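I would like the entire structure built from these sequences, with the hints used as guidance.
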Amino acid sequence: MLNTTYSYNAHFSPAKFFTQLSFLLLVSLLCLILQSFQAVAKPSLQSLQHQQLNEILFNIHTYYVDDLKLQNAFVTQPDNLQVEALFERLDPYSKYLDETELDAIFSSTNGRYTGLGIEVKIEEGRVYIVNTINNSPAALAGLQVNDEVIAINQQSILDKSIEEVAKLIRQSGQSAVDVAVKREKDTELNFSIKRQQINLQSVHGHLADTGVALISINAFNNHTLHDVARELAKMQVTNSFPLSGLIIDLRDNPGGTLQGAIEVADLFLDNGTIVSTKGRFNEANQKFKAHKGDILSGAPIAVLINENSASAAEILAAALRDNQRAVLIGETSFGKGSVQSLIPLGNGNTALKLTTARYYTPLGQSIDGKGITPDVSINQTMLSEIDQGVIIKNIQELALFSSLLDRQDKKQLTAKQLVIMQ
1 MLNTTYSYNA HFSPAKFFTQ LSFLLLVSLL CLILQSFQAV AKPSLQSLQH QQLNEILFNI
61 HTYYVDDLKL QNAFVTQPDN LQVEALFERL DPYSKYLDET ELDAIFSSTN GRYTGLGIEV
121 KIEEGRVYIV NTINNSPAAL AGLQVNDEVI AINQQSILDK SIEEVAKLIR QSGQSAVDVA
181 VKREKDTELN FSIKRQQINL QSVHGHLADT GVALISINAF NNHTLHDVAR ELAKMQVTNS
241 FPLSGLIIDL RDNPGGTLQG AIEVADLFLD NGTIVSTKGR FNEANQKFKA HKGDILSGAP
301 IAVLINENSA SAAEILAAAL RDNQRAVLIG ETSFGKGSVQ SLIPLGNGNT ALKLTTARYY
361 TPLGQSIDGK GITPDVSINQ TMLSEIDQGV IIKNIQELAL FSSLLDRQDK KQLTAKQLVI
421 MQ
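Just so we're aligned: 186 in this note's numbering is position 186 of the sequence shown, and the numbers increase by one with no gaps anywhere.
No lab work stands behind these hints, which were simulated from the structure alone.
A few of these clues could be false.
Claimed, not checked - Below 27 Å or equal to it, Euclidean Cα-Cα: the simulated DSSO-like pairs (lysine-lysine) are:
1) 278 / 289
2) 370 / 160
3) 121 / 182
4) 167 / 194
5) 160 / 185
6) 160 / 182
7) 278 / 370
8) 353 / 289
9) 95 / 167
10) 121 / 370
11) 292 / 278
12) 353 / 278
13) 353 / 287
14) 121 / 353
15) 182 / 167
16) 167 / 121
17) 289 / 370
18) 95 / 69
19) 353 / 69
20) 95 / 121
21) 160 / 353
22) 167 / 353
23) 160 / 121
24) 370 / 287
This structure is a prediction, so every number in the text was calculated from the model and none was measured.
So this is what it looks like as structure tokens:
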């Protein structure tokens, strides 16, 4: 998701646009927060004029990560149905964005949106709440983590997608949204909640008595670097001594901006490659390097990942692991290794979200479709039993994890070597 606001105009230059590539790249799996903007209807290409269709065709031909051999695709003027068919050939992350969707992306990646304030996941067709945002309408109404959302406005949401659920919420307009949930022992509860503007806090911190800090990152946006640095500085002051180590919790983090992940990785690296991107045009081929200055001065780091850690979260995890700066703990990550760019169309009110590159870890590997295998495999159920995350029992054990990076028995470590702290 894009996390920077830009002013577009009719004279926007695609070449100039891509010189700002590092700020405009999106590496997000899916926004799991039920927001009003997610529910907009699928933009129709039927209403677009020939000039707009030509512009879309040109951008796909020029910038899409794979060469679709479009030179002779349209002998005559392209029509709407042909362009719609072309979109069917693209990957699922590429799409046309109308004005509403484009504005919503800018708003959400700046850390705000209008909605209920719940983060959800889908398991076997059922929608479960994984987080309620502090002081959000959902939290104030009493919705809780692990609640199963069973109906919106008296309509069952069994087997519905997140987008379909969000559409039901949006249809309430300014009226309250009726949310039915199933809680422990199959207790059904009903809530009437009015949507409000939500200010997201993507980073949360916790300091253990051992001097080990926990940073939970929910998503990457243009505030993430500042928020991580602020939380670390605050805990450093509280601790009175240098932090003994750091746990970075990236579980259920769907991604965000490429720049956000790069900036956070750079905080903990003195040198080395963070990530590289490869595409079909010059500006899509970049290698991002770390700058000298490790904010922790070499203190050991563990990174928590699970099957829902995707995109920008995977970039951070791989950057720290491949540079031998951190140990990964948890489950194999999602495996999304593509990068999307926002390409303005026409007067800038609409855009293409187009896959323009694939990213590669510092060791040159693509994790697309494979994910990242952790150094220490811990069942996600065990990791989910806590509110704030897993804290290493003491810094000696955290240092032990770091020393096991190159040992064959590192995957045999068990959860008994971890202490669960609330």
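Hints, verified against the model:
Proximity of residue 278 to residue 289 is assessed by CA-CA distance (about 15 Å); at most 27 Å being required, the pair is judged to hold. About 26 Å separates the Cα atoms of residue 370 and residue 160, which keeps this hinted pair within 27 Å; it holds. Between residue 121 and residue 182 the alpha-carbon distance is near 15 Å, which keeps this suggested pair within the 27 Å criterion. Using a Cα cut-off of 27 Å, the hinted pair residue 167 and residue 194 holds, with the two alpha carbons roughly 15 Å apart.
Simply put, residue 160 and residue 185 have alpha-carbon atoms about 23 Å apart, close enough for the 27 Å limit, and the pair holds. With a CA separation close to 16 Å, the supplied pair residue 160 and residue 182 stays within the 27 Å bound. The straight-line distance between the Cα atoms of residue 278 and residue 370 is roughly 18 Å, inside the 27 Å bound, and the hint therefore holds. Distance hint between residue 353 and residue 289 is fulfilled; the C-alpha atoms sit about 26 Å from each other, no more than 27 Å.
At roughly 18 Å between alpha-carbon atoms, residue 95 and residue 167 fall within 27 Å of each other, so this suggested pair holds. For the hint linking residue 121 to residue 370, the alpha-carbon distance of about 20 Å falls within 27 Å, and the restraint holds. Distance hint between residue 292 and residue 278 is fulfilled; the C-alpha atoms sit about 25 Å from each other, no more than 27 Å. A threshold of 27 Å between alpha carbons decides the hint, and for residue 353 with residue 278 the separation of about 17 Å falls inside it, so the pair holds.
Between the alpha carbons of residue 353 and residue 287 the distance comes to roughly 22 Å, so the proposed pair stays at or under 27 Å and holds. Distance hint between residue 121 and residue 353 is fulfilled; the C-alpha atoms sit about 23 Å from each other, no more than 27 Å. Only pairs whose Cα atoms come within 27 Å are accepted, and residue 182 paired with residue 167 is accepted, the gap being roughly 21 Å. For the hint linking residue 167 to residue 121, the alpha-carbon distance of about 16 Å falls within 27 Å, and the restraint holds.
A threshold of 27 Å between alpha carbons decides the hint, and for residue 289 with residue 370 the separation of about 24 Å falls inside it, so the pair holds. Between residue 95 and residue 69 the CA atoms are separated by roughly 19 Å; this keeps the pair inside 27 Å, and the hint holds. With a C-alpha separation of about 20 Å, the suggested pair residue 353 and residue 69 falls inside the 27 Å cut-off, and the hint holds. The hinted pair formed by residue 95 and residue 121 meets the criterion: a straight-line CA distance of about 23 Å does not exceed 27 Å.
Distance check on the hinted pair: residue 160 and residue 353 sit about 24 Å apart at the alpha-carbon level, within 27 Å; holds. For the hint pairing residue 167 with residue 353, the CA-to-CA distance comes to about 21 Å; that is within 27 Å, so the pair holds. For the proposed pair residue 160 and residue 121, the alpha carbon gap of about 12 Å is at most 27 Å, so the pair holds. Simply put, residue 370 and residue 287 have alpha-carbon atoms about 22 Å apart, close enough for the 27 Å limit, and the pair holds.
Checked against the numbered hints above, the structure violates none of them.
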